[in-house]
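A.B. asks: What follows is the residue order along each chain.
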Amino acid sequence: MHDPIRAGLAAGWKHIDASTLGKGQTVEADVVIVGSGAGGGVTADILSDAGLRVILVEEGPLRSSTDFRMRESDAYPELYQDSAARKTADKAINILQGRCVGGSTTVNWTSSFRTPPEVLAYWQRHFGLRQLSVESLSSWFAVMEHKLWVRPWETPPNQNNKVLAAGAEKLGIPIGAIKRNVKGCWNLGYCGMGCPTNAKQSMLVTTIPAALNRGATLYTRLRAERLRFSGGRINALDCQALRPDGIHPSGKRVQLRARHFVVAAGAIGSPALLLRSGVPDPHRLLGKRTFLHPVVISSALMPERVDAYAGAPQTLYSDFFLQQAAIDGPLGFKLETPPLHPVLYATTLQGFGAAHVALMREFTRVNVILALLRDGFHPESQGGQVRLGRDGLPLLDYPLGDVIWEAARRALLAMAEIQFAAGARAVTPVHETAPLYSSWAQAKKGIAELPLKPLLCRIVSAHVMGGCGMADTPQRGVVDHRGRHFWLGNLSVHDGSLFPTSLGANPQLSIYGLVARNAALLAAELSGRPPPLIP
Amino acid sequence: MIVSRRQFIRTGVAGGLLLAFSGWLNAAGGRPLSAGEREMLAALCGALLDGALPPAGEERSRLVALTVDGIATTIAGLSLASQREIGELFGLLVLAPGRMVLAGVSRPWREATVGEVSDFLQSWRTSRLALLQGAYGALHDLSFGAWYARPDTWEAIAYPGPPRGYF
Numbered sequence: 001m002h003d004p005i006r007a008g009l010a011a012g013w014k015h016i017d018a019s020t021l022g023k024g025q026t027v028e029a030d031v032v033i034v035g036s037g038a039g040g041g042v043t044a045d046i047l048s049d050a051g052l053r054v055i056l057v058e059e060g061p062l063r064s065s066t067d068f069r070m071r072e073s074d075a076y077p078e079l080y081q082d083s084a085a086r087k088t089a090d091k092a093i094n095i096l097q098g099r100c101v102g103g104s105t106t107v108n109w110t111s112s113f114r115t116p117p118e119v120l121a122y123w124q125r126h127f128g129l130r131q132l133s134v135e136s137l138s139s140w141f142a143v144m145e146h147k148l149w150v151r152p153w154e155t156p157p158n159q160n161n162k163v164l165a166a167g168a169e170k171l172g173i174p175i176g177a178i179k180r181n182v183k184g185c186w187n188l189g190y191c192g193m194g195c196p197t198n199a200k201q202s203m204l205v206t207t208i209p210a211a212l213n214r215g216a217t218l219y220t221r222l223r224a225e226r227l228r229f230s231g232g233r234i235n236a237l238d239c240q241a242l243r244p245d246g247i248h249p250s251g252k253r254v255q256l257r258a259r260h261f262v263v264a265a266g267a268i269g270s271p272a273l274l275l276r277s278g279v280p281d282p283h284r285l286l287g288k289r290t291f292l293h294p295v296v297i298s299s300a301l302m303p304e305r306v307d308a309y310a311g312a313p314q315t316l317y318s319d320f321f322l323q324q325a326a327i328d329g330p331l332g333f334k335l336e337t338p339p340l341h342p343v344l345y346a347t348t349l350q351g352f353g354a355a356h357v358a359l360m361r362e363f364t365r366v367n368v369i370l371a372l373l374r375d376g377f378h379p380e381s382q383g384g385q386v387r388l389g390r391d392g393l394p395l396l397d398y399p400l401g402d403v404i405w406e407a408a409r410r411a412l413l414a415m416a417e418i419q420f421a422a423g424a425r426a427v428t429p430v431h432e433t434a435p436l437y438s439s440w441a442q443a444k445k446g447i448a449e450l451p452l453k454p455l456l457c458r459i460v461s462a463h464v465m466g467g468c469g470m471a472d473t474p475q476r477g478v479v480d481h482r483g484r485h486f487w488l489g490n491l492s493v494h495d496g497s498l499f500p501t502s503l504g505a506n507p508q509l510s511i512y513g514l515v516a517r518n519a520a521l522l523a524a525e526l527s528g529r530p531p532p533l534i535p
Numbered sequence: 536m537i538v539s540r541r542q543f544i545r546t547g548v549a550g551g552l553l554l555a556f557s558g559w560l561n562a563a564g565g566r567p568l569s570a571g572e573r574e575m576l577a578a579l580c581g582a583l584l585d586g587a588l589p590p591a592g593e594e595r596s597r598l599v600a601l602t603v604d605g606i607a608t609t610i611a612g613l614s615l616a617s618q619r620e621i622g623e624l625f626g627l628l629v630l631a632p633g634r635m636v637l638a639g640v641s642r643p644w645r646e647a648t649v650g651e652v653s654d655f656l657q658s659w660r661t662s663r664l665a666l667l668q669g670a671y672g673a674l675h676d677l678s679f680g681a682w683y684a685r686p687d688t689w690e691a692i693a694y695p696g697p698p699r700g701y702f
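Chains as they are written, first to last, in this note's numbering: chain A, 1 to 535; chain B, 536 to 702.
Among the clues, some could well be false.
[Unchecked claim] Output of the computed footprint for chain A on chain B, the stretches with three or more beta carbons under 8 Å from beta carbons of chain A: (1) 578-586; (2) 667-676.
[Stated by the list, open to error] Not close to chain B: a few residues of chain A, all C-beta gaps over 10 Å, as computed: (3) Pro280; (4) Arg482; (5) Leu533.
[Stated by the list, open to error] Computed footprint of chain A on chain B; a stretch qualifies when at least three of its residues, placed anywhere within it, have a C-beta under 8 Å from a C-beta of chain A: (6) 654-664; (7) 685-696.
It is worth saying that the hints were derived from the structure and are not from the lab. Just so it is clear, CB atoms sit at the ideal spot from N, CA and C, and this is done for glycine as well.
Extracted from the complex, chain A is given alone in its bound form (with noise of 0.2 Å):
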């Protein structure tokens, strides 16, 4: 399998693994890109095209299909937050977020969705984005749609899939299909390992390698410490080199120093790295608005073979859930199917001893239907907040209040409804004290009782978003539409952590898309050339 990465490597890219530093040093160029994600990979790209001198900076290591063996063991600790088991500060909700390069698009789903229309909305009128609408992203959306390679999918949906279309349609709830960023998958079923046959049209394939054939600088196992500023603007980004293990600091400091600064470093860590620095926040929003789609899971155990780690992991979705109350009402939610591995399933699933062997041995008939919740509409749902704790590293605090219960409940009797009608033999909502349900009427009427709390009914995230939020005036929001900081000059913030509210869909391509026209104005304002046609 060529793997493109390394046959850059062998062919010059600038790539400087800090956990090799013999010792310090101060670098300069044009832009400093923190994190190599959908925001920092879709920046690096645009500003490297543009001709300016770009540094990205990624904590994680530098991995590529040759590294990816489709093997839990290797690819959580590699290419994951904290081997794919960061938590909020509670231990509530497990958080999948990448560390590597390519952040979270290396180890993602490739599921791809635009901004949905209505959130387009809320922000017009909650948040003044007035230039942010259908009509003037659309272009911007096309636009990556075509680089990434976002389009239907058309190999037959796998089994896991196929159980979600064949309840919801028996219930009458419409399914939709899910675009996928991939070019010759070989429908194997391991994205969240890092794809091993570079199908997967992520930043670490498309625009990192890109922006490193122009000339652009690639540190890795860096830690992005602090910007330092004075009058209004960043004059430096002091960094920590880690050791080989990605865990530890080394010692080795990095100065990086540049005209312009942009924070991509997600949802969680770029709120952190301007909350370290201690950049202005005069009306304290920094790091507040976080959101989650918090997802409640349902397990099904099926008649025949369900086979959920084989095959594109997620092709189908429904947004009826969405749809049956105003965006700021009762908490909606979009049901859509995980891939399964044994890892993932044995520690997402709950009990002990004899009753979790009992759901592992079925393990290949196991069909499990996620809901993701909108968070961030409803008044009740104000989300989380990062903070720094100990060694200035970042905490979420995201409260699980009852309006996120109730909507739990609800989406937890949608899907097991939903499994039955497909033909389930048993369902369990993964909850610390709900059994097994081996009807409809039965889980109906356990799961309207089943005392839902942090800890007992299982809560995760793969979609961290706000903390930066966009807003038209500095009373409501971190910066503005273009991502560009209210009070200092020569920052930028290009990741999920600018949007103010969800998003109710999987965010790459939200990303890629709003990203894609703020590093388009930001290359024309930093080259000096005329501004980008397309609105």
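With the hints as your guide, set chain B onto chain A.
C.D. replies: Frame of chain A, contents of chain B only:
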């Protein structure tokens, strides 16, 4: 009561923790688990994985030891903040007062029965104290993660492993 229990956890055993775990934080890429920690984890694995493990005997002990190795590897790959928290938890559990008061297990870990350990895990699992519930979750995830990460556990769940032969 909740506050005082929490304070107990945070400060009451701090002296002992400091002694037992002074090496933890500075370990490069994690450190080997202490004998006490291995015994504690072996007892926990015996209960968590009961039914997945073969009956008592040499093979069971070998598989438990492999799983404890896997847990050590996992911990070494976690962030420093997580390693610190797990170090605190293990530090409490290996000390007799922590084991007796918090876990309610009267006998040393190597003598505790699967039933006794299961009762302790169940009590933490549904505890009113979020701290203990969260700790149960960590022990659950570490043990099952280490178990099902190993290809030799896949046959029992009919998982064929990643596709082979195409590359």
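A.B. asks: So, for every hint listed, does it hold in this structure?
C.D. replies: Hints, one by one, checked against the model:
| no. | hint | verdict |
| --- | --- | --- |
| 1 | 578-586 | holds (count 5) |
| 2 | 667-676 | holds (count 6) |
| 3 | Pro280 | holds (27 Å) |
| 4 | Arg482 | holds (33 Å) |
| 5 | Leu533 | holds (44 Å) |
| 6 | 654-664 | holds (count 3) |
| 7 | 685-696 | holds (count 7) |
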